[in-house]
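Participant: Spelled out, the chains give:
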Amino acid sequence: MPNTYRTNVEIDWCPGCGDFGILNALTLALQELKIPNEKVALTGGIGCSSKIPHYVNVYAYHTLHGRSLAQAQAIKIANPELEVIAAAGDGDALGIGTQHFVAAGRRNVDLTYLIFDNGVYGLTKGQASPTLPYGESPKSLQVENIKDPVNPIFLALASGYTFVARSYSYNIKHLKDTIIRAIKHKGLALVDIMQPCVTYNNINTKEYYDARLYDLQKEGWDPVAKNEDEYKQKLGQATIKSLEWGDKIPMGVFIEYQKETYDERLSRLLMNYKSKNFVTLPIHENGKPVNDITPLIEELI
Amino acid sequence: MQMRKGFTMKDLNLMVAGPQGSGINFTSDTFSKVMARLGYYVFSNAELFSTIKGEHSYFRVRVSDELIRSYSKRVDILIALDSKSIILHKDEVDNNGFIITEEKPLDSRFIQVEYNKILQNVANKYNKNLSELSVMKNTIALAVVGKIASIPKDAIQKVISENFAKRPNIAELNNAVVDETYSITKIERSITLPKGKSFGKMLINTAEAVAIGKIAAGLRFQSYYPITPASDESQYLEGVMSKYNVIVEQTEDEIAAINMAIAAANTGLRAATSTSGPGFSLMVEALSYAGMTETPVVIFYYQRAGPSTGMPTRHEQGDLKFAISAGHGEFPRIVIAPGDHEEAFYDAFESFNLAEKYQLPVIVMLDKSMAMSNYTIPKFDTSKLKIDRGKLILEGEVSNYKRYAFTEDGISPRTVPGVKNGMFTIAGDEHEEDGHIFSEDPDNRIRMMDKRMGKLKKVLSEIPTDMKYKFYGNGENLIISWGSPKGAILDAIRERPEYSYLQIRLLHPFPVDEVKPFAKYKRIVTVEQNYSGQLADILKEDAGIDVNSRIVKFNGRPIAFEELIEGLDRSKTERRVVLTYA
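Protein chains in written order, with the numbering used here: chain A, 1 to 301; chain B, 1 to 582.
Isolated chain A, as found in the complex (with noise of 0.2 Å):
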């Protein structure tokens, strides 16, 4: 079966980069839950991950640096029929993006968020990002990076994101399955995507991954509460989880936890936003407004 959610634009990345990994596992994603094309949004940020939107034969916002997330929310607040994915390289989320990436996790818009996590700065040459561990230098640093990395998945959790899980852009099956899993997930699902660049971090490379990552799952970990007194017991150990870094490293589910979306909070303050779509909802008929303002202009005699 052809894939029919590929563009045919010529793809930019450097040969053997960690974005086609989920490039493709993004696609088959779409593919296996036969999403119409016309009904997904995609947003991305800027730099090299962030170029994905023109991949996926979507409707795609290439957006601002940091942006990504703020603009993926508000299509899916504009239209909540729409499956919305957001992709960001860790720059975009973690760096000049992450107050969107905290506030986030107060709204739980219920849309897919993901990472591509490589540690650098790929468009602007390799500079240290937000996720570079402490004292690593990878080839393209200067000089030794001397500040402590941002934990996605434990900033994520503290966020209050409804969905965080972890995977790696060289296991294209867990990477899709994750995706499916996320997508399908009502709230706010983030998958931070070990993604190594193969042009300038020479040490978080598909070789350090291979050998440390580990399936959570596989370890028997449930992510899964199913109400609130089961969520802050979870929570906890899942937080405890996501500090473990160094020779093994997890990946997979921490927690998967469904409450009340945003466009259902939204629909409390909204009277008619759950019955009707506000897109094609008619502001006009033929020119002439359909908003009557009558009453809110004897409000003020």
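There's no promise every hint is true.
[Said to hold, decoys possible] The list that follows gives simulated cross-link-like pairs (lysine-lysine, DSS-like), each with its CA atoms no further than 25 Å apart: (1) K420/B with K276/A; (2) K402/B with K451/B; (3) K288/A with K379/B; (4) K384/B with K39/A; (5) K386/B with K276/A; (6) K288/A with K402/B; (7) K288/A with K384/B; (8) K39/A with K386/B; (9) K288/A with K468/B; (10) K391/B with K276/A; (11) K288/A with K451/B; (12) K274/A with K420/B; (13) K243/B with K288/A; (14) K391/B with K288/A.
[Claimed, not checked] Selected chain B positions facing chain A (in silico; Cβ < 10 Å): (15) H89; (16) S190; (17) L385.
Bear in mind the hints are in silico, worked out from the structure with no lab data behind them.
Just so it is clear, CB atoms sit at the ideal spot from N, CA and C, and this is done for glycine as well.
The hints should help you fit chain B onto chain A, whose structure is shown.
Facilitator: Just chain B now, with coordinates in the frame of chain A:
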């Protein structure tokens, strides 16, 4: 001091002064409403500190049976709710005026009001503690004004009942306070105003006018981050969001606010954000993105005194040059400036048509004095409002679709998610017709720049004249201005008919061809509320007009019409006139 006993005056100027948070706005708002209901024109404005409680603040209300559009320096009645207010404002009060206070009279203008006695009497009657009624001092002051100005008691009580419609017990107590005040307060002199004769007007500020204009326009998405003086508009929208299907989203910062509005616009909703200078500064990168991606987003820019945090609750028009040039690279935008609440409504409505028709960002320039002044205007005429969404495809199916297709008029059809085979690629990188970014072809770059920048010419040739400028008067000298000084200018040129007035409404693209012919006026002065005279610079740069004098005011307070008259007189000999009234 010679006092007149009972006289008729053309306009009445009330000042309510006291500590912020003591409810002084209740007194001025209620008085404004009462007088508007009685058929008067009302103009009120607020001077507040950037605090919530305690600091000295004051509200002015000017009332007349004739059209008024600005405030007056004269104070006829001062309600002084603390001794600081007496010290600060007693010299502004007219010799024949009144100072309503609890304290010992210093001269014959003073009326000492027995606040505690009135409250105690009402408390006894309703079996309440005096402390429960202490907040009603404002009601007493209001009733004293009512008695001085010969206002029927029930006109006040009706408005109070409406204000507290949801709390009838509070309404009853307040109205009992009005009764008691009318009955025991002795007034030796009174004022009579000519009968009000203009009924059915709205008492409104720009935040409300803009919000209602947006609702008429079919706004579906408003994002904002709290900032003075812009948030009142978003809060108004929150109050009616359910009824009019408007998503109002309070974001984590202004960067998110503008990005969310842009994304909502590109998903098919009419979308806007409202902010002030500091917030707009954060939005600038995304403004450039909106220009590049041809996104119809509207920014409502409520200026306040800068730079930096400046004076957050004070007035200024210091951001004109910033608004017309903010953003890296060159891209088209429309910047319009209403000069009063009526224009604010119609411009708010029309801004969405412009944004969608030309697929570009639109900035509507407003300011603190507009946002925080309530005055009477005729009801909005909705009969001529017409929504034009431009080349927008919301439903169905398309074929061979390209978001940035070259077309004869430079505007490409716009799809939204959900339209079959309408998949777009929106990109802030330079792109080809299909939105992809990889060729960086120099010829394509030229065509795309021409496509985007060409919209400005189209805007200039299509936008109606009264959106470009308005002209008033028939004097041989000319005032050129933009935005909110309009009211003071119109009131001032009644006294100085040798001046005409050109109000520039479209600030970008600048209507050079329309403005140039005005160079023929004998003497040209600009009036602006900023330090340098930014419009005067633009007139020189764009239209080659060298103004004779720049009248500026930048002390954070709006222009009183009397000081503008003095300023016009001074401009005959001074190249730069700085107005300083506060």
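Participant: Quickly compare the C-alpha distance for K288/A and K402/B to 25 Å and report which way the hint goes.
Facilitator: This hinted pair is violated, its Cα atoms lying about 30 Å apart.
Participant: Could you grab the alpha-carbon distance between K288/A and K451/B and see if it respects the 25 Å cut-off?
Facilitator: Violated, because 30 Å separates the two Cα atoms, which is more than 25 Å.
Participant: Quickly compare the C-alpha distance for K384/B and K39/A to 25 Å and report which way the hint goes.
Facilitator: Status violated; Cα separation ~37 Å.
Participant: So, L385/B near chain A? Judge it on the closest CB pair being under 10 Å.
Facilitator: Constraint on L385/B satisfied, holds at 6 Å.
Participant: Under 10 Å is the threshold here; is the Cβ of H89/B close enough to any Cβ of chain A for the hint to stand?
Facilitator: This hint is violated: H89/B lies away from chain A, its Cβ roughly 29 Å from the closest one there, beyond 10 Å.
Participant: Starting from K243/B, check that the Cα of K288/A is at most 25 Å away, please.
Facilitator: holds (18 Å)
Participant: Hint check: K39/A vs K386/B, CA-CA at most 25 Å. Holds or violated?
Facilitator: violated (31 Å)
Participant: Would the stated hint for S190/B survive a check requiring a Cβ distance to chain A of less than 10 Å?
Facilitator: Where the cut-off is 10 Å and the nearest Cβ of chain A is about 28 Å from S190/B, the hint is violated.
Participant: Does the alpha-carbon distance linking K420/B and K276/A stay inside the 25 Å limit?
Facilitator: Given pair K420/B, K276/A holds - Cα atoms ~20 Å apart, limit 25 Å.
Participant: Run the distance test for K391/B versus K276/A: straight-line Cα separation, threshold 25 Å.
Facilitator: Between K391/B and K276/A the Cα gap is close to 23 Å, so the pair holds against 25 Å.
Participant: Taking 25 Å as the top limit, are the C-alpha atoms of K386/B and K276/A close enough?
Facilitator: holds (23 Å)
Participant: Keeping to a limit of 25 Å between CA atoms, is the pair of K288/A and K468/B held or broken?
Facilitator: holds (24 Å)
Taken one by one, the earlier hints fail for this structure at numbers 4, 6, 8, 11, 15 and 16, listed in ascending order.
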